[in-house]
Amino acid sequence: AQSVTQLGSHVSVSEGALVLLRCNYSSSVPPYLFWYVQYPNQGLQLLLKYTSAATLVKGINGFEAEFKKSETSFHLTKPSAHMSDAAEYFCAVINSNTGFQKLVFGTGTRLLVSP
Amino acid sequence: EAGVTQFPSHSVIEKGQTVTLRCDPISGHDNLYWYRRVMGKEIKFLLHFVKESKQDESGMPNNRFLAERTGGTYSTLKVQPAELEDSGVYFCASSQDLASGRAGEQFFGPGTRLTVL
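Top to bottom, those sequences are chains Z and W. Positions 1 to 115 (this note's numbering) are the ones given, in order, by the first sequence. Positions 1001 to 1117 (this note's numbering) are the ones given, in order, by the second sequence.
Please keep in mind that the hints were generated in silico from the structure rather than gathered at the bench. Glycine residues also receive a C-beta, built at the ideal position from the N, C-alpha and C atoms. Check the hints yourself; a few may be wrong.
[As the list claims (entries may be wrong)] Heads up, simulated BS3-like pairs for lysine-lysine below, C-alpha to C-alpha not over 30 Å straight-line:
| hint | chain 1 | residue 1 | chain 2 | residue 2 |
| --- | --- | --- | --- | --- |
| 1 | W | Lys1044 | Z | Lys68 |
| 2 | Z | Lys69 | W | Lys1044 |
| 3 | W | Lys1015 | Z | Lys49 |
| 4 | W | Lys1054 | Z | Lys49 |
| 5 | W | Lys1078 | W | Lys1054 |
| 6 | W | Lys1041 | Z | Lys58 |
| 7 | W | Lys1041 | W | Lys1015 |
| 8 | W | Lys1078 | Z | Lys68 |
| 9 | Z | Lys58 | W | Lys1044 |
| 10 | Z | Lys49 | Z | Lys69 |
[Claimed, not checked] Every beta carbon over 10 Å from chain W, so not counted as near; a handful from chain Z, in silico:
| hint | residue |
| --- | --- |
| 11 | Val11 |
| 12 | Glu15 |
| 13 | Gly16 |
| 14 | Ala17 |
| 15 | Ser27 |
| 16 | Ser28 |
| 17 | Ala53 |
| 18 | Phe63 |
| 19 | Glu64 |
| 20 | Lys68 |
| 21 | Ser70 |
| 22 | Ser73 |
| 23 | His75 |
| 24 | Met83 |
| 25 | Ala92 |
| 26 | Gly108 |
Between the sequences and the hints, there should be enough to build the whole structure, so can you do that?
So, in structure tokens, the structure goes:
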């Protein structure tokens, strides 16, 4: 079975500070990994994805994530937070066991950005 | 290109009533998924359609939930009769066929917030 753990239901940073949202996964076969973001009253939007190519993945809005197999991690980072980054972020895993069809999500991390 | 749309955005019903949620996927997307997020918990998979066929309904909670996708376009999810624990946000997503090389990239709608009183 596959699973995702997101440490910290809430993360607070100041504008301009580094953003680090943690994600650890469990998968019996090589996974694909995703970060989604949900802004208020909107659907989930794909930020970035890892699909077994480069381990450092760059996404939209200046976010990036690094796949580390040895640590089973896929942490999301952004060098400098902006007020508009305040949202809820979800890490998700998918693999061949489900035909790459069933996303398994973490519980989400709400990012709060203060001026 | 229009995104995934869901209707209604909010629904408040009494326990025992029936509610039907609708999802319109992105045009041309054969794969359609339903997910649910109960308050404070993770988003969980409910089921997956390929065109009009159910491929995987392993996440459906019980037989009070019925999903359909007649004609392989829009989908409905009916809850009958609704119980208190059915409250949550129901998300729909769609994706292109695997052959397109974009396996796993699912596009989500804004969700329907269901409250059962």
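TODO: Could you tell me which of the numbered hints above are not met by this structure, giving the numbers in increasing order?
DONE: 3, 8, 25 and 26
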